[in-house]
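**Q** Sequence:
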Amino acid sequence: METSRHTYWITAGLTLAVLSAFVFTVAVAVELQWSKQTAVKPGTERPGNQAMFALTDILTAYENSDAAKVEAGIEPSMVGLTMLLNAVQDAHIQQQSLRIHLRDIEVTAGKDMVVITAHWEKRYLTTVRVKPMLVEGVATFVFRQTDSRWKLSGMTGANLFAGGLH
Numbered sequence: 352m353e354t355s356r357h358t359y360w361i362t363a364g365l366t367l368a369v370l371s372a373f374v375f376t377v378a379v380a381v382e383l384q385w386s387k388q389t390a391v392k393p394g395t396e397r398p399g400n401q402a403m404f405a406l407t408d409i410l411t412a413y414e415n416s417d418a419a420k421v422e423a424g425i426e427p428s429m430v431g432l433t434m435l436l437n438a439v440q441d442a443h444i445q446q447q448s449l450r451i452h453l454r455d456i457e458v459t460a461g462k463d464m465v466v467i468t469a470h471w472e473k474r475y476l477t478t479v480r481v482k483p484m485l486v487e488g489v490a491t492f493v494f495r496q497t498d499s500r501w502k503l504s505g506m507t508g509a510n511l512f513a514g515g516l517h
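Residue numbering for the sequence shown follows my numbering, beginning at 352 and increasing consecutively.
These are calculated hints, taken from the structure and not from any lab test. Some hints here could point you the wrong way.
FRET-style restraints, in silico, Cβ to Cβ [what the hints assert, rightly or not]:
{"#": "1", "residue 1": "Asn-510", "residue 2": "Ser-428", "range": "17 to 27 Å"}
{"#": "2", "residue 1": "Pro-483", "residue 2": "Lys-462", "range": "40 to 50 Å"}
{"#": "3", "residue 1": "Thr-459", "residue 2": "Glu-426", "range": "33 to 43 Å"}
{"#": "4", "residue 1": "Arg-500", "residue 2": "Leu-436", "range": "24 to 34 Å"}
{"#": "5", "residue 1": "Ser-428", "residue 2": "Val-481", "range": "30 to 40 Å"}
{"#": "6", "residue 1": "Arg-480", "residue 2": "Gln-440", "range": "18 to 28 Å"}
{"#": "7", "residue 1": "Lys-482", "residue 2": "Pro-427", "range": "31 to 41 Å"}
{"#": "8", "residue 1": "His-443", "residue 2": "Arg-397", "range": "25 to 35 Å"}
{"#": "9", "residue 1": "Lys-462", "residue 2": "Gln-440", "range": "28 to 38 Å"}
{"#": "10", "residue 1": "Asn-415", "residue 2": "Thr-477", "range": "10 to 20 Å"}
A virtual CB, placed ideally from N, CA and C, is assigned to each residue, including glycine.
Kindly produce the complete structure, drawing on both the sequences and the hints.
**A** This is the structure we're talking about:
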């Protein structure tokens with residue numbers, strides 16, 4: 352009786368180990384496949400991809416309250432630049448754990464201009480009341496190629512950089 356119980360636990364342990372190895376192998380294969388599909392090889396970048404990377408850099412800098420990096424990704428002649436940079440600095444004071452998620456992204460690319468329209472969600476905690484907030488909207492971002500970089504040159508729609516105390 353003791354031997355059969357011991358055999359049962361060994362069999363169960365081996366089965367669990369084999370299942371774990373299988374799940375891990377499938378997860379790694381899926382990740383590798385996804386990486387291959389999304390990787391952009393040097394020299395083959397498309398304007399839409401480059402502008403999307405530029406937008407991602409700006410949003411990441413905004414989430415990290417890095418006003419200098421946000422400003423580096425925007426054309427100096429953009430209308431409303433000062434207001435946008437003030438909003439970035441205010442966000443650092445008024446919002447914590449800031450995260451932005453884009454979805455339903457549409458990219459229209461030309462030779463030296465790209466228009467990105469996306470539905471966005473901005474989640475954060477207010478610093479005054481430590482209240483979780485969710486703000487969402489749809490915005491259009493216009494990027495132009497300047498020198499060798501893509502820079503934000505205009506925005507319309509709901510301003511995801513706008514904030515305030517709630």
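**Q** Each hint needs a verdict: does it hold in this structure or not?
**A** These are the hints, each one checked on the structure:
Taking 17 to 27 Å as the suggested C-beta distance range, the pair Asn-510 and Ser-428 conforms, at roughly 18 Å. A beta carbon spacing of about 43 Å between Pro-483 and Lys-462 agrees with the range 40 to 50 Å that was offered as a hint. The given range of 33 to 43 Å is broken by Thr-459 and Glu-426, whose C-beta atoms sit roughly 19 Å from each other. The beta-carbon spacing between Arg-500 and Leu-436, approximately 18 Å, falls outside the hinted interval of 24 to 34 Å.
For the pair Ser-428 and Val-481, the beta carbons lie near 39 Å from each other, so the given range of 30 to 40 Å is met. For Arg-480 and Gln-440, the hinted distance range of 18 to 28 Å is satisfied, since their beta carbons lie about 20 Å from each other. Look at Lys-482 against Pro-427: about 36 Å separates their beta carbons, and that is inside 31 to 41 Å. About 33 Å separates the C-beta atoms of His-443 and Arg-397, a value consistent with the hinted range of 25 to 35 Å.
Checked against the given bound of 28 to 38 Å, the beta carbons of Lys-462 and Gln-440, roughly 35 Å apart, stay inside it. Range check, Asn-415 to Thr-477: about 18 Å between beta-carbon atoms, so the 10 to 20 Å window is met.
When the structure is compared with the earlier hints, violations turn up for hints 3, 4 and for no others.
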